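Asks: Sequence:
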Amino acid sequence: MQETRTLTDKLFLILKGLGMGAANKVPGVSGGVVAFVAGFYEEFIYSLKKVNGKAFMLLINGRFKSFFNYVNGRFLGLLFLGMIISYFSVSKVLDYLIMHYELYVWSVFFGMIIGSIYYINKDFKDWNYKTYTSLAIGIILGLSISFLNPAKENDNLWFVFFCGIISVSGMTLPGFSGSFILIILGNYVLLLVDSVNALYDTSYEILGGDFSFIENIERLRMLKVLIAFTLGSVTGLVTFSHALSYILKHYKSITLSAIIGFIVGSLGVVWPWKKTIFKIHENGGFLLDSTGTKIIQNYKRYIPEFNTETYYAIAFIFLGIAVVLALEIYGQKTRINK
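Residue 1 is where the sequence shown starts when you use the numbering used here, and the numbers rise one by one after that.
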């Protein structure tokens, strides 16, 4: 499935990776939705499915070119390059925007999810009692997850490994936010803030010839956590892709209707108008409760009053819808050109 791609195709694939990486970082938003709307979801799942026993045998036997072609390496490589760049750049910008323009950021995401529902649903015609049931189950699960309360942080390496498996679900299952699940499990700050900062600081020190982190017990703990999380993520990515590939092949209509349900249910997570329940303050970039324990924000949703701020937020919702429709138009042109 290794295709010849123009320079423009490669650049756009990196940009799609940027979009997936940014979406995966934001609670309530699924990177899989980006893949679905941008038109490369099935190729993504198919390529991940190729990471199997045969691929590992090619790698072990030193047949690197064959391995690269077998797993559609150019596609996955460019996509993951975009995700990595996003993780250390775009996601930082998102963190800043959420901190200073929270209502408008959530409004854009809310609009993007509405646009995604339209995009996936517009070509889906196979509605029957099975797909309606699947849709209802997806909506109920999505809403149920969105109203759960966060657990406390847990740095047990086996639990962190499990978190890694769950966190990548948002990349393979549209509408299912892996980062929001990490909030529910209590490890969002630990795995997507603390451990990433530890890696960034360590890399910066190593480049400067400073290896003092070896004696830093807390830093080493964070790096161990990051390694366990990464291994879990890789395991989850390959496992989910194999399972989804089989399900899409044999139960495509039921799966798509469930995905639509998940996405509809996720609207509760990204509802723009919400206020913080916990009394928190910022200290060194972390959110703390009154006892000094790191927590993630928990919200109570409310119906807004109609004022200037609300009108701006509604405008940003339409902007989010427009972004998805623009991606759809681009995806159609790409398919026609091919």
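I should point out that these hints are in silico values taken from the structure, not numbers from a laboratory. Because the structure is a prediction, the values reported are computed rather than measured. By construction, the Cβ of each residue, glycine as well, lies at the ideal position given by its N, Cα and C atoms. Honestly, I wouldn't trust all of these hints.
[What the hints assert, rightly or not] Pair by pair, the computed Cβ-Cβ distance ranges are: (1) THR239 x GLU215: 21 to 27 Å; (2) LEU11 x THR308: 37 to 43 Å; (3) THR8 x MET99: 32 to 38 Å; (4) THR308 x TYR200: 19 to 25 Å.
Asks: Run every hint past the structure and note whether it holds.
Replies: Hints versus structure:
1. Checked against the given bound of 21 to 27 Å, the beta carbons of THR239 and GLU215, roughly 37 Å apart, lie outside it.
2. Between LEU11 and THR308 the Cβ separation comes to about 38 Å, which falls inside the hinted range of 37 to 43 Å.
3. One distance hint, 32 to 38 Å for the beta-carbon pair THR8 and MET99, holds here, with the actual separation near 34 Å.
4. At roughly 38 Å, the beta-carbon separation of THR308 and TYR200 lies outside the given 19 to 25 Å, and the hint is violated.
Hints 1 and 4 from the earlier list are contradicted by this structure; the remaining hints agree with it.
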